[in-house]
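Participant: In case you want the letters, here they are:
2 protein chains.
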Amino acid sequence: MTSGPIARPGDAIGILGGGQLGRMLAMAAADLGLDVHIFTPEADSPAARVAKRAWVADWNDTAALKEFAASIVAATLEFENVPVAAADLIEAAGKPMRPNGRTLERTQDRLAEKMFLREIGIEPAPFARVDEPDDIQKALDSLGGNGVLKSRFSGYDGKGQVRLKGKAPANAWADVGAGPSLVEAWIEHDREISVIAARGSDGAFVAFDPPENDHSGGILRRSVFPSSAPQGVLDEAVRLTKRLAEALDYVGVLALELFLTRDGKLLANEFAPRVHNSGHWTQDACRTGQFEQHIRAVCGWPLGDPTRHSDGEMINLLGEDVLGWESYLAEGAKLHLYGKRHAANGRKMGHVTRLRPRS
Amino acid sequence: MTSGPIARPGDAIGILGGGQLGRMLAMAAADLGLDVHIFTPEADSPAARVAKRAWVADWNDTAALKEFAASIVAATLEFENVPVAAADLIEAAGKPMRPNGRTLERTQDRLAEKMFLREIGIEPAPFARVDEPDDIQKALDSLGGNGVLKSRFSGYDGKGQVRLKGKAPANAWADVGAGPSLVEAWIEHDREISVIAARGSDGAFVAFDPPENDHSGGILRRSVFPSSAPQGVLDEAVRLTKRLAEALDYVGVLALELFLTRDGKLLANEFAPRVHNSGHWTQDACRTGQFEQHIRAVCGWPLGDPTRHSDGEMINLLGEDVLGWESYLAEGAKLHLYGKRHAANGRKMGHVTRLRPRS
Numbered sequence: 001m002t003s004g005p006i007a008r009p010g011d012a013i014g015i016l017g018g019g020q021l022g023r024m025l026a027m028a029a030a031d032l033g034l035d036v037h038i039f040t041p042e043a044d045s046p047a048a049r050v051a052k053r054a055w056v057a058d059w060n061d062t063a064a065l066k067e068f069a070a071s072i073v074a075a076t077l078e079f080e081n082v083p084v085a086a087a088d089l090i091e092a093a094g095k096p097m098r099p100n101g102r103t104l105e106r107t108q109d110r111l112a113e114k115m116f117l118r119e120i121g122i123e124p125a126p127f128a129r130v131d132e133p134d135d136i137q138k139a140l141d142s143l144g145g146n147g148v149l150k151s152r153f154s155g156y157d158g159k160g161q162v163r164l165k166g167k168a169p170a171n172a173w174a175d176v177g178a179g180p181s182l183v184e185a186w187i188e189h190d191r192e193i194s195v196i197a198a199r200g201s202d203g204a205f206v207a208f209d210p211p212e213n214d215h216s217g218g219i220l221r222r223s224v225f226p227s228s229a230p231q232g233v234l235d236e237a238v239r240l241t242k243r244l245a246e247a248l249d250y251v252g253v254l255a256l257e258l259f260l261t262r263d264g265k266l267l268a269n270e271f272a273p274r275v276h277n278s279g280h281w282t283q284d285a286c287r288t289g290q291f292e293q294h295i296r297a298v299c300g301w302p303l304g305d306p307t308r309h310s311d312g313e314m315i316n317l318l319g320e321d322v323l324g325w326e327s328y329l330a331e332g333a334k335l336h337l338y339g340k341r342h343a344a345n346g347r348k349m350g351h352v353t354r355l356r357p358r359s
Numbered sequence: 001m002t003s004g005p006i007a008r009p010g011d012a013i014g015i016l017g018g019g020q021l022g023r024m025l026a027m028a029a030a031d032l033g034l035d036v037h038i039f040t041p042e043a044d045s046p047a048a049r050v051a052k053r054a055w056v057a058d059w060n061d062t063a064a065l066k067e068f069a070a071s072i073v074a075a076t077l078e079f080e081n082v083p084v085a086a087a088d089l090i091e092a093a094g095k096p097m098r099p100n101g102r103t104l105e106r107t108q109d110r111l112a113e114k115m116f117l118r119e120i121g122i123e124p125a126p127f128a129r130v131d132e133p134d135d136i137q138k139a140l141d142s143l144g145g146n147g148v149l150k151s152r153f154s155g156y157d158g159k160g161q162v163r164l165k166g167k168a169p170a171n172a173w174a175d176v177g178a179g180p181s182l183v184e185a186w187i188e189h190d191r192e193i194s195v196i197a198a199r200g201s202d203g204a205f206v207a208f209d210p211p212e213n214d215h216s217g218g219i220l221r222r223s224v225f226p227s228s229a230p231q232g233v234l235d236e237a238v239r240l241t242k243r244l245a246e247a248l249d250y251v252g253v254l255a256l257e258l259f260l261t262r263d264g265k266l267l268a269n270e271f272a273p274r275v276h277n278s279g280h281w282t283q284d285a286c287r288t289g290q291f292e293q294h295i296r297a298v299c300g301w302p303l304g305d306p307t308r309h310s311d312g313e314m315i316n317l318l319g320e321d322v323l324g325w326e327s328y329l330a331e332g333a334k335l336h337l338y339g340k341r342h343a344a345n346g347r348k349m350g351h352v353t354r355l356r357p358r359s
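Protein sequences appear in the order of chains A and B.
Using my numbering, read the first sequence as starting at 1 and increasing by one per residue.
Using my numbering, read the second sequence as starting at 1 and increasing by one per residue.
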């Protein structure tokens, strides 16, 4: 692991991906005096509109990736499904890529991710592997007849997932893309919490106070901070996240989602090698937000102070929720809009943070 | 005055000027879902690097200004010495300009500014007009022999100013540009405070808690928030600022600098029709910062909640101060760097905010 600065104010850093996470990372980087270059297949992307330069090209456009790599001193990404080959190409060009292709490989396969978590002593929710259509019912039965079928290699925000109860429907295999997948047991959890934390290139580890998250249809709707779970549980969640970050030799912000079961046990859902939706409130409620924290880590700079000065909640604005922008402004909430041109159903268009004094 | 929204998320707004204030305004606007277009004579400007588009052209390039105006729904500015004709051209193109040319005229002439303040019952520090070299000594004598000679029409951050005590030096007239100027009495003030406040297009008025400011060589070095001046004095300062905003029929953020004399009197120094250096801490210490507040006002949106969640201080990084960036990061302070390529002596390169819990 390279310790110490790999970028200085005035240098250009690269972000793979042009969505809202890239947009908020780009602004945090600019606030620290960096120039930002974006690489994305999407024209007129949210991130490109706040960056100095953007390369609009396909992930397999090697020439464009090389030109992009030559223009920056280091790179990061805003979603974990960036092709591993693209991340590897940045590193091959001699530019540090945080996270790198090895970490991406671990998270792009849900099965490998869960086996890795188990291997390092972070118990995932029960799951069973599915390689062909007939495996589905067997897997479901082995998990008590209540679960979710998910593709191993794609899908996010509830896409590519089928809720199963009792007898699996005939179309389930097709609905997840008719490929390698798995069934996760449905956990009657008391709550879901997440730990958003950063590890610096010097090994320093700093976590935000864990929020508590409400999902619906596989999409995050609301995060409440701080979680009202017992402090001992929250401390244990942070310890598990530290273990994960160290096992990955990770540099940057990462997030670990955990179920807290009704009998008080923590079970891992999944982890994300990036800034996380359930941490979007940190930029409004903490001295250092997750976007700045990630940029600091990627650049090899000291991590920032995560002290939380306010309590509150973060609400995702999905699809036409965004039409309520004026009412959010009028109530005095913090409104963040991502500049997306079309409010498709369920699409993350922005978020709102409501703050109150820390209790 | 036009009340109500003149821009919606997804629209492009324009900023005249490409410096650090434009940069921070542009990021605040993007966070609210707006696209930002910059107009500035400066190539590779700090603001352009976080904006969707930039026009690099002279202020008198009418064709470029018209093209710029056609691309936006409304405009604002980041410094008050934008030529009035440029602001007028935006309005003539049918695009609201906030503040407009009439307000700029009031602030571009120091004499007109002071006479206007006096007219509306905000007492400026004593001053005397200087139209020719011989006026200087007379003016100085009339003010007790202790003052500062300033050009009426140019200068900022201590430039174009000569400190006078007893006998004015022969080169003073040349040093302020050998043109219309004035002498301001040197005030033995207890402290300088400033009020940063916003007026919405609906007439709503919202002020931040006034900070207390230290200058050196005519340049702001440090702002402490909140000011330790008596609450009655701070309330009066806010009342004066509200009077000023209403007298100007102002929409946006403005700042009024005031001396608090040793005998407890408030005397106006000057006002700025824009976001202000002494308010740079608001983005870190308040629910809504001055940059977001200004964008809300300019767009005709409801003003945000200025509640201050933290106490602290803001330090300007001038010239080579910026070389200390790593130590500011290491101490856990909030660091903001403006992306300027050259650290000229006295040049504002960034600022640092140190926070502590609100007492």
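Calculated from the structure, these hints are not laboratory results.
Quick caveat: nothing in here was measured; it's all calculated off a predicted structure.
One should not assume that every hint holds.
A few chain B residues that face chain A, going by a derived Cβ cut-off under 10 Å, partial list only [as the list claims (entries may be wrong)]:
1) A30
2) M115
3) F205
A short, non-exhaustive set of chain A residues, derived as facing chain B with CB atoms under 10 Å [what the hints assert, rightly or not]:
4) L32
5) D44
6) R106
7) F116
8) E119
9) A178
10) P180
11) K265
12) E292
13) L303
14) D305
15) H309
16) A330
A virtual CB, placed ideally from N, CA and C, is assigned to each residue, including glycine.
Participant: Hints first: check each against the structure and report whether it holds.
Facilitator: Right, here's what the structure says about each hint:
| no. | hint | in the structure |
| --- | --- | --- |
| 1 | A30 | holds, 5 Å |
| 2 | M115 | violated, 37 Å |
| 3 | F205 | violated, 15 Å |
| 4 | L32 | holds, 6 Å |
| 5 | D44 | holds, 9 Å |
| 6 | R106 | violated, 30 Å |
| 7 | F116 | violated, 32 Å |
| 8 | E119 | violated, 35 Å |
| 9 | A178 | violated, 38 Å |
| 10 | P180 | violated, 39 Å |
| 11 | K265 | violated, 35 Å |
| 12 | E292 | holds, 8 Å |
| 13 | L303 | holds, 9 Å |
| 14 | D305 | holds, 4 Å |
| 15 | H309 | holds, 5 Å |
| 16 | A330 | holds, 4 Å |
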